[in-house]
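Residue-level listing of the chains:
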Amino acid sequence: MLAIQVLINALVLGCLYACIAIGFSLVWGVLNVINLIHGSFIVLGAYLAWGAYNSLGLSPWYALLIAAPAFFVFGYLLQRLLLNRVITAPVLVTLTLTFGLDLILNNAMIYYFKADYRKLILNPPTGSISIFDVVVPVDRLIATASALALTFLLYLLLRRSKVGRAIVAVRLDRDAAVLMGVDVKSIYATAFGLGAALAGCAGVLMALIFPISPLTSSAYLGKAFVVCVLGGLGSVSGALAGGLLLALVEGVGSVYLGPAHAVTLSFVLLIIFLVVRPQGLLGRKGFE
Amino acid sequence: MTRTNIALLVLIAFVAALPLFGDAYALRLGTMACMYAIFALSWNIVGGFAGYPSFATAAFFGLGAYTTGILMNKGVPLTLSLLGSLVLCLVLAAALGAVLLRLRGHYFAIASLSLVEVFRELVNNATDLTGGGMGLNIPLVSGSSVLSDATFFFYAMWGLLLITALVVIAVSMSKLGFGLNCIRQNETASNMVGLNSTLYKAVAFGLSACFVGAAGGLYAAWVHYIDPSDVFDILYSVKPIVMALMGGLGSPLGVVCGAFVYLGLEEVVWRNYIQIHSGVLGVLIILLLLFLPHGLISLHAGKVWRGLFGRKAKHV
Numbered sequence: 001m002l003a004i005q006v007l008i009n010a011l012v013l014g015c016l017y018a019c020i021a022i023g024f025s026l027v028w029g030v031l032n033v034i035n036l037i038h039g040s041f042i043v044l045g046a047y048l049a050w051g052a053y054n055s056l057g058l059s060p061w062y063a064l065l066i067a068a069p070a071f072f073v074f075g076y077l078l079q080r081l082l083l084n085r086v087i088t089a090p091v092l093v094t095l096t097l098t099f100g101l102d103l104i105l106n107n108a109m110i111y112y113f114k115a116d117y118r119k120l121i122l123n124p125p126t127g128s129i130s131i132f133d134v135v136v137p138v139d140r141l142i143a144t145a146s147a148l149a150l151t152f153l154l155y156l157l158l159r160r161s162k163v164g165r166a167i168v169a170v171r172l173d174r175d176a177a178v179l180m181g182v183d184v185k186s187i188y189a190t191a192f193g194l195g196a197a198l199a200g201c202a203g204v205l206m207a208l209i210f211p212i213s214p215l216t217s218s219a220y221l222g223k224a225f226v227v228c229v230l231g232g233l234g235s236v237s238g239a240l241a242g243g244l245l246l247a248l249v250e251g252v253g254s255v256y257l258g259p260a261h262a263v264t265l266s267f268v269l270l271i272i273f274l275v276v277r278p279q280g281l282l283g284r285k286g287f288e
Numbered sequence: 001m002t003r004t005n006i007a008l009l010v011l012i013a014f015v016a017a018l019p020l021f022g023d024a025y026a027l028r029l030g031t032m033a034c035m036y037a038i039f040a041l042s043w044n045i046v047g048g049f050a051g052y053p054s055f056a057t058a059a060f061f062g063l064g065a066y067t068t069g070i071l072m073n074k075g076v077p078l079t080l081s082l083l084g085s086l087v088l089c090l091v092l093a094a095a096l097g098a099v100l101l102r103l104r105g106h107y108f109a110i111a112s113l114s115l116v117e118v119f120r121e122l123v124n125n126a127t128d129l130t131g132g133g134m135g136l137n138i139p140l141v142s143g144s145s146v147l148s149d150a151t152f153f154f155y156a157m158w159g160l161l162l163i164t165a166l167v168v169i170a171v172s173m174s175k176l177g178f179g180l181n182c183i184r185q186n187e188t189a190s191n192m193v194g195l196n197s198t199l200y201k202a203v204a205f206g207l208s209a210c211f212v213g214a215a216g217g218l219y220a221a222w223v224h225y226i227d228p229s230d231v232f233d234i235l236y237s238v239k240p241i242v243m244a245l246m247g248g249l250g251s252p253l254g255v256v257c258g259a260f261v262y263l264g265l266e267e268v269v270w271r272n273y274i275q276i277h278s279g280v281l282g283v284l285i286i287l288l289l290l291f292l293p294h295g296l297i298s299l300h301a302g303k304v305w306r307g308l309f310g311r312k313a314k315h316v
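Chains A and B supply the protein sequences, listed in that same order. If you read the first sequence in this note's numbering, its first letter stands for residue 1, the second for the next number, and so on. If you read the second sequence in this note's numbering, its first letter stands for residue 1, the second for the next number, and so on.
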């Protein structure tokens, strides 16, 4: 029974990890920028859900509807006004710039919300269901389903809409896309906005399950990194595969080695992948 | 010996005179300044000369701090413990560098960043040896007065800075420095003309880690208590980059000046706005990258004007 429980947990967590990583992966794949603010965006989204529920009485599903456009605009402007100015600069410059932005956002959150851990508690509680001996909390299940739905939505957007196709085109060959009449600057900003919106929505879902604190942003960022490298850059299915693999390795690792080693294990996995297969499970070579 | 190298040594010599007019606070500031300068100079070997964006400084700082702390708790004298930290970091970093430096760009940055996390978790979980999250107490070195203790650690850190500077100058003038420059400009081409780039990069990574490790050891002995979240702080990885960018990438004199200026700014912010200090650091980073991408060393009135109002600032 333990094996099945571990498997189910991995499945549930894996979808959430995919949702955390997918915006990060999009930005990295399309803009070739490692977006270190991603973790703080997620936490900010969680605070949004928490605030909407506690002060306005809005359920997290309405919070999703607020978070998506708000974060999109925020991300769009951030890219246009700041990131765009250094987008062609070497890795070090873009990395350090997003790190600086993250310091500001994170410090602002610590200042306003304090570093205490909070939890969004739904009233009435959703309880849990058990099939045979496997117990799954319902809120976790709902969050997972929403994460999957968001992932699928992004997949549809990238495949079916004109903007999505333009994003994919820029990701594959920037210069050719320019020749085909794609406005790269606005696509970059759109991709960054989408990444931010997905991070905000992921944050709303995280608020349902995990405690909220500005201090957790680096943990989310770490997960996004690992999932991205495991799965491969800029691909939706890659993020899902990476998320599931990470959750599985963490779950099995916690059972056999104890939960304290889960982080080490995931980073060892990351380094192995970086050296052996840097393009990830489903990724293609050529993005550095 | 170029003119800038001499200027660097003169600057470091000047810092040595600090205890003449200082109380314990000035000494603390001086020790920190020397430590930051060691970070920046060391980072410059990999980040400035070879052009690899390393975020591993905190990893080797923490490793050195813990190695010295553990050795001193076992009764090993300070000098030997420091030497142990230095050698361990040199060997381990060279070995890791041979593997990790095969990665480039973002991938190398992430791998080096994750090194910090891995070391922190390992130290956190090896409770028997390191005390885990409880931290590690380190025996006092002298036990004499506060001021003489502060003076001792100031000169120790200063000495380490001097050694680091001499080694970095030697590297910059040697075949190794030349090779690293070639690697930065075009690694594939350097490989093709027969440069053993793996060896060069591994040696560079080892050198960039060993002095940071020794500085970590000195820091541990200086503050008498370390814990994983303190010494494996990711900010220790980012600060040297900011200092190097501030002073001017690749120039040893520039990065040391950058370190001193950075410490000054940090101290002013810490004293006045403690609650928002990391936010202020963030603003500083952004202003620096947008308006002064070549660092203080490039400061001439005309250049500043162009940097602020010109069409597009060029980046390093």
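Honestly, I wouldn't trust all of these hints.
Below, computed lysine to any residue pairings styled on SDA-like, alpha-carbon distance capped at 20 Å [what the hints assert, rightly or not]:
(1) A/Lys114 <-> B/Ile276
(2) A/Lys114 <-> B/Leu290
(3) A/Lys114 <-> B/His277
(4) A/Lys114 <-> B/Tyr273
(5) A/Lys119 <-> B/Tyr273
(6) A/Lys185 <-> B/Ser229
(7) A/Lys185 <-> B/Leu290
(8) A/Lys114 <-> B/Gln275
Since the hints were derived computationally from the structure, they do not count as laboratory data.
Tested hints:
{"no.": "1", "hint": "A/Lys114 <-> B/Ile276", "result": "holds, 12 Å"}
{"no.": "2", "hint": "A/Lys114 <-> B/Leu290", "result": "violated, 30 Å"}
{"no.": "3", "hint": "A/Lys114 <-> B/His277", "result": "holds, 15 Å"}
{"no.": "4", "hint": "A/Lys114 <-> B/Tyr273", "result": "holds, 16 Å"}
{"no.": "5", "hint": "A/Lys119 <-> B/Tyr273", "result": "violated, 29 Å"}
{"no.": "6", "hint": "A/Lys185 <-> B/Ser229", "result": "violated, 40 Å"}
{"no.": "7", "hint": "A/Lys185 <-> B/Leu290", "result": "holds, 18 Å"}
{"no.": "8", "hint": "A/Lys114 <-> B/Gln275", "result": "holds, 11 Å"}
Of the hints listed earlier, those the structure fails to meet are numbers 2, 5, 6, in rising order.
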